[in-house]
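J.: Work out the full structure: start from the sequences and follow the hints.
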Amino acid sequence: MSTLAAQGVSLPQTSPVYLSRPAPGIIAALLCGYLAVGLPLPVIPLFVHDKLGFSNLIVGLVIGIQFLATVLTRGYAGRLTDQHGGKRSMLQGAAVCALGGLLYLIAAIPGFSPAIRLAIIVVGRLVAGVGESQLVTGGVSWSIASVGPPRAGMSMSWTGIAMFAALAIGAPIGMALYQTSGLQAAMLACIVAPLIAAVIAFREQSYTSPAGQRLPFYRVIGQIWREGLGLMLQGVGLSGLTAFASLFFAARHWDHAGWVMTAFGTGFIFVRVVLGSLPDRMSGYRVALSSLLVEALGQAMLWGAQHESVALAGALVTGLGCALVFPALGVEALKRVLPANRGSAMGAFVAFLDIAYGLSGPAAGVIAGHFGYAAVYLFGAACAVLGAALMMTSRNRPDA
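If you use the numbering used here, the sequence shown corresponds to residues 1 to 400, in order.
Read the hints as simulated data drawn from the structure, not as lab findings.
Please read these numbers as outputs of a predicted model, since none were measured by experiment.
Glycine included, every Cβ here is placed at the ideal spot set by N, Cα and C.
Please note: incorrect hints may appear among the correct ones.
With beta-carbon atoms standing in for the labels, derived distance ranges [claimed, not checked]:
#1 H307 - L102: 38 to 48 Å
#2 L72 - I109: 23 to 33 Å
#3 G111 - H307: 27 to 37 Å
#4 P24 - A95: 16 to 26 Å
#5 M282 - A185: 41 to 51 Å
#6 P24 - T393: 37 to 47 Å
#7 Q205 - F371: 32 to 42 Å
#8 H307 - S20: 39 to 49 Å
#9 G148 - A95: 22 to 32 Å
#10 I116 - G182: 12 to 22 Å
T.: What follows is the structure in structure tokens.
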């Protein structure tokens, strides 16, 4: 643990009672809430590009702007979690996500001009980003608080399973609703899912954050920036899948774009279930290094794919590689902060992933416009290799 984390805080006299595994209700609530992120992922790019007639760059901006809102509110979500607990943050986030879904539903109403419908979608994405910030920061921190620091890696593995299961389930459901019943049905689901999450979370026990000195958010970022940068480089590949897979498949005349996130989620969840405790048992930097190299391989497969099956296999391998980067680097990030700042640390840590999504969406749009959709995944592979190189230097640091 870093010197900072060992200073100035006296531990409580009575040790808290931790669960052996994260509370199932917390995980279930996070899964339902995060469906509001997964459901519109394949739908909004097609709606904005094909129905409203806007360019690939606009598609990238619309997808990425949610993550801009998320990153700008991670500090608030972290403070809310540290001061009032993850349950409060999660409940607020679910309510705001439902409001974002309502705006999506309004944009789906015929009669508005394309520009107005686009503007409503953008506002909906911003609102959904604010909700996601609180939902995820609260849920991840609440889960860690329920099991304690020694099982933080396992906790983050299970919260990640919930989130990416929501992507794997939500994306094909959203696409199916869009194709069979239209945009309004898909967007209505974005309202219902987080409301179900709020009902589940409301019934669960709260777990309080440790007492002690709470640092300003910028100082927390200064402690965990290296781990966050590694997470950010990992997130570029996933961003390319979420923003452009449906258009990539359509350009190749492939019919199963809705299964891209299912393939990714299958690989992701498999590794999390089988190897989810690995970051608690060995160096997180070593785990992240191996994972980023596997992700780079999956992205390269997508880039070179000439058949739909190879592209889906590339999404699967990308999921295998991405699976343990978050818990591996998250465990290392938590070692570097005071116990009372764990919510802020998780908020700051996940903010780097938001930055990846927010920046790489528009960047991938430019790349796709100039070099084709496949080049988006070459970009993702290059970023994963850079992340692996960073991990090689990180694990040799004296304070690592």
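J.: Could you run down the list of hints and mark each one as holding or not?
T.: Right, here's what the structure says about each hint:
Between H307 and L102 the CB atoms are about 40 Å apart, so this pair conforms to the stated range of 38 to 48 Å. Distance hint check: the CB atoms of L72 and I109 are about 29 Å apart, consistent with the given range 23 to 33 Å. Separation of G111 from H307 is about 42 Å and departs from the stated range, judged on CB atoms against 27 to 37 Å. For P24 paired with A95, a C-beta distance near 22 Å keeps the hint of 16 to 26 Å intact.
A hinted range of 41 to 51 Å for the beta carbons of M282 and A185 is consistent with their spacing of about 46 Å. At about 39 Å, the CB distance of P24 to T393 agrees with the hint of 37 to 47 Å. Restraint check, Q205 to F371: a C-beta distance of roughly 51 Å breaks the suggested window 32 to 42 Å. Between H307 and S20 the CB atoms are about 45 Å apart, so this pair conforms to the stated range of 39 to 49 Å.
Roughly 29 Å separates the CB atoms of G148 and A95, a value that falls within the hinted 22 to 32 Å. A hinted range of 12 to 22 Å holds for the C-beta pair I116 and G182, which are about 18 Å apart.
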